[in-house]
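If you want the building blocks of each chain, they are given just below.
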Amino acid sequence: MMIHLVTGGSGSGKSSYAEEQIVKENRRYDAPFFYVATMIPRGEETKEKIKRHQMQRLDLGFLTVEKYVDLEELKIPDNAGILLECISNLTANELYREDKQSERGGKEESDSGEVSSGAYDRAYRAVVNGALKLSRQTEHLVIVTNEVHSDVNGYSRETENYRKLLGKINCELAKKADQVTEVVYGIPMEIKR
Amino acid sequence: MIGGAYQGKYEYARRMYPDISWIDGQTCEEEDIYSCSAIFHFHSYLERMMRQGKSVRELAGRLADENPDIVIVSDEIGYGIVPVDRFEREYRETVGRVCTELAVYADKVFRVVCGIGTKVKG
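Protein sequences appear in the order of chains A and B.
The first sequence begins at 1 in the numbering used here and counts up one residue at a time.
The second sequence begins at 1 in the numbering used here and counts up one residue at a time.
One chain only, chain B, in its complex shape (with noise of 0.2 Å):
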C-alpha cells in the first residue's frame, strides 16, 4: 500500500485489512517485521535501520521467504527534487529501491491518492 504522504493509505489499508494487527515502522523492533501481520510506516522503519548503520539490501528477499502474508504501508518519497543533503538522498533512493523490490514479490499493490485507493498490480 503505497502513496504520497497525509493520504490516508493506513485508514484506506485498516478498511481492507480490518482484522488484522499492527506494527509502527517508527517504533517496532528491528526484527518484529518478519513475524507481524502488517506494518505502517514502512518508509520510517528503513530510515532507522539505515540510520543504526544496518544493511536493508536483503530485507525484502528475507521478508518473502519468512512472512510473505504481510500488508505493508509506505510513504512514496521519490517525486521531487534531489535532496542536498547525503544521508536523505541515500534514503530516498532505497525507500524507492525496497519496494519496488517487494512489488515483485507482492500479489497486490495498491496506490492511495486523496484517500482513494487504485489497484496497480493483482
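Pulled out of the complex, with its shape left as it was, chain A reads as follows (with noise of 0.2 Å):
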C-alpha cells in the first residue's frame, strides 16, 4: 500500500503522469486498474469529456468507478493499483453537499452562504479518511490533487476558506504520502520520496 501524492496546476500534465505511474508499475498483474473518478457530470458537452476520456483509460487497462461523496464506504475489488482524480473536486463536492445542509446551518451562514467550521471539519475527515481507506484496499494508489494556492486575486471569503481547506487536506495527504511528486509543465518534480 503504497500513496503517490500528485500535483500541480491546471492542465500541467499532471493527469497523463498519474496514469503512467499507475501503468508502467503495475503492469505485470492481472487484475484490471482502478480509476475513481470525483467529477460530478452536468452538461452534455461535461459528459461527453467524460465518456471520451473513460474510453482512452479503457485501452490503458482502467475500469473507472465513480464516487462524488463519502469516499469512505466505496469498496474496490482486487485490482493492481488505483488511480483517485480529483481532490479538488472531491472536496468542493464534500464541502457543498446539499444533502448536509443542515451542518451549514447558522443564521450568519445563510446571509453570506457561508460554509459553518462544522462542515468544514466533516469535508477534511471525509476527504482525508476517505483517500486512507482507498489506501488500504491496493497495493499502490495515485492521487491527483490540485495547486490553487499560488495567486491572489481577491477571492470571495468563501473561495478563500476553500483553498484553506484544500491546502490542508493536501498536507496531511503528503505527510500520509510514500511520494510526492509536483508536476511542472509536464515535467515531474519529486518533492519527497
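The set of hints was computed from the structure by calculation and includes no laboratory data.
Computed from a predicted model, the values in this text were never measured in an experiment.
C-beta atoms are modelled at their ideal positions from N, C-alpha and C, and glycine is treated no differently.
Some hints here could point you the wrong way.
What the hints assert, rightly or not - Distance windows between CB atoms, simulated:
{"hint": "1", "chain 1": "B", "residue 1": "Glu-29", "chain 2": "A", "residue 2": "Met-2", "range": "47 to 57 Å"}
{"hint": "2", "chain 1": "B", "residue 1": "Arg-14", "chain 2": "A", "residue 2": "Tyr-185", "range": "25 to 35 Å"}
{"hint": "3", "chain 1": "B", "residue 1": "Glu-58", "chain 2": "A", "residue 2": "Arg-27", "range": "50 to 60 Å"}
{"hint": "4", "chain 1": "B", "residue 1": "Lys-121", "chain 2": "A", "residue 2": "Gly-186", "range": "19 to 29 Å"}
{"hint": "5", "chain 1": "A", "residue 1": "Glu-98", "chain 2": "B", "residue 2": "Val-84", "range": "27 to 37 Å"}
{"hint": "6", "chain 1": "A", "residue 1": "Glu-20", "chain 2": "B", "residue 2": "Lys-119", "range": "25 to 35 Å"}
{"hint": "7", "chain 1": "B", "residue 1": "Glu-58", "chain 2": "A", "residue 2": "Lys-24", "range": "49 to 59 Å"}
Mind docking these for me? Both chains are given alone in their own frames, and the hints should help you get the complex.
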C-alpha cells in the first residue's frame, strides 16, 4: 500500500503522469486498474468529455468507478492499482453537498452563503479518511490533487476558505504519502520519496 | 521560504529554525523588520506598506545590509490571472520583484508545496 500524491497547476500534465505511474509500475499483474472519478457530470459537454476519457483509459486497462462523496464507503475489488482523481473536486463536493445542509446552518451563514466550521471539519475528515481507506484496498494508490494557492485575486471569503481547506488536506495527504510529485509543464519534480 | 498559501510554510520554517523568535508581517511595526530574527506573512507586510503609500524599492537592499541573517516567509502570489483591481496588480507585481531581489541576496531559498520544502537555492 504505497501512496503517491501528484500535484500541479491546471493543464500541467499531472493526470497523464498519474496514469503512467499506475500503468508502468503494475503492468505485470492480472487484475485491472481502477480509476475513481470524482467529477459530477453536469451538462452534455462534460458528459461527452467524461465518456471520451473513460474510453481512453479503458484502452490502458482502467475500469472507472464514479464516487462523488462518501469515499469511505467505496469498496474496490482485487486490483493492480487505483488512481483517485481529483482531491479538489472531491473536496468541493463534500463541502457543498446539499444533503448535509443542516450542518451548514447558523444565521450568519444564510446571509453570506458561507459554510460553517463544522462542515469544514466534516469535509476534511471525509476526504482524508476516504483517501486513506482507499489506500488500504490496494498496493498502489496514486492521488491527483490541484495547486490553486499561488495566486491573489480578491477571492470571496468562501473561495478563500475552500483554498484553505484544500491546502490543509493536501498537507495531510502529503504527510501520509510515500511519494509526492509536483508536475511542472509535464516535468515531474520529486518533492518527497 | 516561499510557496502558495496554506502550504505549511511557517510550520516548515519553524521546524528548520526552532530557536528563533518571529514577528508577524500582518501586525509588526515598519522598522521591526530590520532587527528581527524572522518574519512570516512577509507579503502582508509589503501590502501594508504599499497601502500606507510607502516605497518598498529600497527594502530588499536595506535588509541585506542591516539584517542579513533574517529568515523570511512569504506567500507566492503571482501564478494566476492578472487581477482587475489596480492596487492588487501592483501589490502582486511588487511581492514578486522584492522576493526576487531578496533571493539574490539569500544564502538559501526553499519552496514549500503540500508542507514539504524543496531547496531551490543554497
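We went through each hint and held it up to the structure:
In this structure the hint that Glu-29(B) and Met-2(A) lie 47 to 57 Å apart at CB holds, the actual value being about 49 Å. For Arg-14(B) and Tyr-185(A), the Cβ-Cβ distance of about 32 Å falls inside the hinted range of 25 to 35 Å, so the restraint holds. Range check, Glu-58(B) to Arg-27(A): about 59 Å between beta-carbon atoms, so the 50 to 60 Å window is met. Judged by the Cβ atoms, the range 19 to 29 Å given for Lys-121(B) and Gly-186(A) holds: they are separated by roughly 24 Å.
Between Glu-98(A) and Val-84(B) the beta carbons are some 32 Å apart, a value that agrees with the proposed interval 27 to 37 Å. Between Glu-20(A) and Lys-119(B) the CB atoms are about 26 Å apart, so this pair conforms to the stated range of 25 to 35 Å. The hint said 49 to 59 Å for the Cβ distance between Glu-58(B) and Lys-24(A), and at roughly 52 Å that hint holds.
Comparing the model with each numbered hint stated earlier shows that all of them hold.
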